[in-house]
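K.L.:
These are the residues of each chain, in order.
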Amino acid sequence: MRFGIVVNEGPYTHQASDSAYQFAKAALQKGHEIFRVFFYHDGVNNATRLTVPPQDDRNLQQQWSALAEAHNLDLVVCIAAAQRRGILDADEAKRQGKDSDNLARGFRISGLGQLIDAGIQADRLVMFGD
Amino acid sequence: MSENTNRKKFLYINRKAPYGSIYALESLEVVLIGAAFEQDVSLAFIDDGVFQLMNGQDTAGIGMKNFSKTYRALGDYEVRKLYVERESLSERGLALDDLMPITYEDENEDYAEKPSLHLVDRAEMTQIIAAHDVVLSF
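Protein chains in written order, with this note's numbering: chain H, 9 to 138; chain S, 26 to 163.
Mixed in with the good hints, there may be bad ones.
[Stated by the list, open to error] In silico SDA-like cross-links for lysine to any residue, where the CA-CA straight-line distance does not exceed 20 Å:
no., chain 1, residue 1, chain 2, residue 2
1, S, Lys33, H, Arg10
2, S, Lys33, H, Asp125
3, S, Lys41, H, Asp131
4, S, Lys90, H, Arg92
5, S, Lys34, H, Asp131
6, S, Lys41, S, Ile71
The set of hints was computed from the structure by calculation and includes no laboratory data. Source: prediction; values computed, not measured.
Construct the complete structure from the given sequences, taking the supplied hints into account.
P.N.:
Now the structure itself:
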């Protein structure tokens, strides 16, 4: 089956990102396809490479980046939600006149159309959130 | 509307009050962007989500943008089916009269104004949700 996944909450405060990650990993192990993972609302905060969780805890951003690398996943961060919350890639930081960017590897910033497209293309769209 | 073989039934479920969190506003943003994709779109309002449709919203005192007018413009985006759960309204002491009069123009009937809001009970709502291909819950 071809899944689309939506992550609507930030890391650590809420289990949504953990659950989505475990779901994605399990689905891939079972041979399913992940068409796209879309990060929306506070979910965009999963995409900052500047998080430094305690060493004895999981690093959700790194887990997502590694999963994306291993399985060639499309991790898309909503640009409108990201800009509200200070998640910028290099191009966007330059465009907005900011002195730094923070988008982690494996993620890309794009528009809400990517969420609708995932709903259209996937057999099932699974949302993780509050 | 052109033939669209990828046409699916999208349902946006709105469950939260409009200004206590950002879910309502960002849900609307998805609905408006999604309108360009020519899908079959419906909205559902349950739990505190019914507060999003309250008439006479005034955000002057809380310093936040009043986005309630956007719901009244949804008809222009071909979003014409807004299902409101009857029990969620009555549990909050509300009735259909407390909500904004949201309408659309029916081009098949000389652009007659028709109501977009449909009051449905909880059992009907479960059937509506089950009948959709893509359910986005905010």
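K.L.:
Now tell me, hint by hint, if it's right for this structure.
P.N.:
Tested hints:
1. Restraint check for Lys33 of chain S and Arg10 of chain H: the C-alpha separation of about 16 Å stays at or below 20 Å, so the hint holds.
2. With a C-alpha separation of about 11 Å, the suggested pair Lys33 of chain S and Asp125 of chain H falls inside the 20 Å cut-off, and the hint holds.
3. Between Lys41 of chain S and Asp131 of chain H the CA atoms are separated by roughly 27 Å; this puts the pair beyond 20 Å, and the hint is violated.
4. As the CA atoms of Lys90 of chain S and Arg92 of chain H are separated by approximately 14 Å, the hinted pair is consistent with the 20 Å bound.
5. Using a Cα cut-off of 20 Å, the hinted pair Lys34 of chain S and Asp131 of chain H holds, with the two alpha carbons roughly 13 Å apart.
6. Between Lys41 of chain S and Ile71 of chain S the CA atoms are separated by roughly 8 Å; this keeps the pair inside 20 Å, and the hint holds.
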